[in-house]
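Peer 1: Which chain is which? The protein sequence lines are A and B, in order. Reminder that position 170 of the first sequence reads as 170 in our numbering, one-by-one numbering, no gaps. Reminder that position 205 of the second sequence reads as 205 in our numbering, one-by-one numbering, no gaps.
Honestly, I wouldn't trust all of these hints.
Lysine-lysine pairs mimicking DSSO-like chemistry, simulated, CA-CA at most 30 Å apart [unchecked claim]:
(1) B:K323 with A:K144
(2) A:K117 with B:K287
(3) B:K175 with A:K144
(4) A:K128 with B:K323
(5) A:K144 with B:K86
(6) B:K48 with A:K144
(7) A:K101 with B:K287
(8) A:K144 with B:K50
(9) B:K287 with A:K144
(10) B:K323 with B:K119
(11) A:K144 with B:K49
(12) B:K206 with B:K175
For the record, the hints were derived by calculation from the structure and aren't laboratory data.
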Amino acid sequence: MPETFEPRIVAFFCNWCTYTAADLAGVSRMRHAPNARIIRLMCSGRVDPQFILEAFARGADGVLIGGCHPNDCHYIEGNYKCLRRFRLLRRMLDDMGVEEKRCRLEWISASEGDKVKRVINEMVEQLKALGPLDLPGRFRDWDKEVAELEHAASAASAPCDCHAHKEEAAHA
Amino acid sequence: MPEKPKVAFYWCASCGGCEESVVDLAEDILMVVENVEIVFWPVAMDFKKKDVEAMPDGSIAACFLNGAIRTEEQEEMAHLLRRKSKVLIAYGACAHLGGIPALANQFSRERVMEWAYDKCPTVTNAKGTRPQVEFKDGARTATLPAFRNVVRALDQVVDVDYYIPGCAPTPKLLKDAVVALLSGKLPPKGTTLAPDIALCDECPRKSSKPTDVGFAEFRRPHMAEIDPNLCMLAQGFVCMGPATRGGCGALCLNGNMPCTGCFGPTSRVRDQGAKILSSICSSIAPKDEAGIDGVLEGIPDPVGTFYRYGLARCLLRRRVDIKDGAEVAAK
Ligand code: SF4
Ligand code: SF4
Ligand code: FES
Numbered sequence: 001m002p003e004t005f006e007p008r009i010v011a012f013f014c015n016w017c018t019y020t021a022a023d024l025a026g027v028s029r030m031r032h033a034p035n036a037r038i039i040r041l042m043c044s045g046r047v048d049p050q051f052i053l054e055a056f057a058r059g060a061d062g063v064l065i066g067g068c069h070p071n072d073c074h075y076i077e078g079n080y081k082c083l084r085r086f087r088l089l090r091r092m093l094d095d096m097g098v099e100e101k102r103c104r105l106e107w108i109s110a111s112e113g114d115k116v117k118r119v120i121n122e123m124v125e126q127l128k129a130l131g132p133l134d135l136p137g138r139f140r141d142w143d144k145e146v147a148e149l150e151h152a153a154s155a156a157s158a159p160c161d162c163h164a165h166k167e168e169a170a171h172a
Numbered sequence: 001m002p003e004k005p006k007v008a009f010y011w012c013a014s015c016g017g018c019e020e021s022v023v024d025l026a027e028d029i030l031m032v033v034e035n036v037e038i039v040f041w042p043v044a045m046d047f048k049k050k051d052v053e054a055m056p057d058g059s060i061a062a063c064f065l066n067g068a069i070r071t072e073e074q075e076e077m078a079h080l081l082r083r084k085s086k087v088l089i090a091y092g093a094c095a096h097l098g099g100i101p102a103l104a105n106q107f108s109r110e111r112v113m114e115w116a117y118d119k120c121p122t123v124t125n126a127k128g129t130r131p132q133v134e135f136k137d138g139a140r141t142a143t144l145p146a147f148r149n150v151v152r153a154l155d156q157v158v159d160v161d162y163y164i165p166g167c168a169p170t171p172k173l174l175k176d177a178v179v180a181l182l183s184g185k186l187p188p189k190g191t192t193l194a195p196d197i198a199l200c201d202e203c204p205r206k207s208s209k210p211t212d213v214g215f216a217e218f219r220r221p222h223m224a225e226i227d228p229n230l231c232m233l234a235q236g237f238v239c240m241g242p243a244t245r246g247g248c249g250a251l252c253l254n255g256n257m258p259c260t261g262c263f264g265p266t267s268r269v270r271d272q273g274a275k276i277l278s279s280i281c282s283s284i285a286p287k288d289e290a291g292i293d294g295v296l297e298g299i300p301d302p303v304g305t306f307y308r309y310g311l312a313r314c315l316l317r318r319r320v321d322i323k324d325g326a327e328v329a330a331k
């Protein structure tokens, strides 16, 4: 692992609590690690598990979800939905070899700017210890075993009008 | 007389069910044979790879290729048939999404070999023989295609024009595809040739599908008697219907079994497993961690349940921490 590894965190924060808390942390000039890219959603109940997988697949080292405390969700039930999905997704990620600390759910109310700071700093430390996840790099590695043949196949073929070659020509 | 369009069928990592589904066309197969010339179909007719190699590039009107891609030979054939075919169709769940073979993406190649040639209780292999890509016996050399680390869907290896879903596809879908081919009325490239709407829409149990189930437990089909008329979700059985493309006619539901998702997702879903997880979990009754976990115990194997046919197409593609090439410790 390179000395300078800076983990990338994708943070899905709900508009009414955690995003407001992050804002508060900002205006209060609290310093926290700059590693989190915050994506504002209306509610933690909007965090589709597909977003989380996609974040990892596109190179996130960690995903943080922030929502209102139980009983405080602006939409009444959203954070419970989020929690239920998270519990099974967590187990599924485990089965897929994604370490537990890479995906975290926290309830952070609008007044808890300090908690935003603590959670992000903590997560950055934990991800530094784990090292990069780098799924795009892993995908490339896995596909090396087929790249060679692909190359040979396109070299062997004379120009023809099949789709593959039209595409190839269009991209050339 | 104008030449009949040339058609090829081929199989890769598959069980043979997709080949069976071609035969299941029954009388309609006569319509197919009448209108097309089958130039390659190893399971039924005697053609060799060299026959395909001798064909001009792009001379096959359509190739229906079933099975996932696991070995070097399958890759080679996929490239060859891609080159020779105007239209390449991923036929069936394995070519479409990786299928059952892609469940092996949870394990390293070594673990798979170790199980198949050693640890599996029905295997006797005292000498610990393992397949080799090359084996010399005196002056003779025998070769086997390399076994790749990852199981792939067809479009993860070559460019694919259309997808026909299903494990196996129903004869109706194949017939519709052939008719579309013959009439030249093909949809845009990349289309899955089945309705783009969730299975629930054509399920006879649809009217009893609850808007909010409030699962207090999950039951598995072998553990309970299944009501033949009530929506599976209303009975606490995991049903992939809400995240699965329709077009099969709700075959499994008509056989009183929950849908396991073989048609894959609709075009609006990026990851079928994550989608059904999302939909099912959101309607669990409890609101606290312990209560939720208790209900979720009824889904002991989320990967095998939600990605039964689609692990190769999961956004993560395979278990991400596998170290390829490292021998696993004997255990
Ligand atoms: S969930 Fe399953 S049983 Fe219920 S309507 Fe949908 S496909 Fe039918
Ligand atoms: S009900 Fe589901 S598993 Fe059964 S054939 Fe249809 S799509 Fe496939
Ligand atoms: S609005 Fe904050 S979790 Fe729903």
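Peer 1: For every hint, state whether the structure bears it out.
Peer 2: Here is how each hint holds up against the structure:
1. B:K323 with A:K144: holds, 14 Å
2. A:K117 with B:K287: holds, 27 Å
3. B:K175 with A:K144: Distance of about 37 Å is beyond 30 Å: violated.
4. A:K128 with B:K323: Roughly 20 Å separates the two Cα atoms, so the pair holds.
5. A:K144 with B:K86: Holds, because 27 Å separates the two Cα atoms, which is no more than 30 Å.
6. B:K48 with A:K144: Roughly 29 Å separates the two Cα atoms, so the pair holds.
7. A:K101 with B:K287: Given pair A:K101, B:K287 holds - Cα atoms ~23 Å apart, limit 30 Å.
8. A:K144 with B:K50: holds, 27 Å
9. B:K287 with A:K144: Violated - the C-alpha atoms of A:K144 and B:K287 are around 45 Å apart, more than 30 Å.
10. B:K323 with B:K119: Roughly 20 Å between the alpha carbons, so the hint for B:K323 and B:K119 holds.
11. A:K144 with B:K49: holds, 25 Å
12. B:K206 with B:K175: Cα-Cα ~27 Å, so holds.
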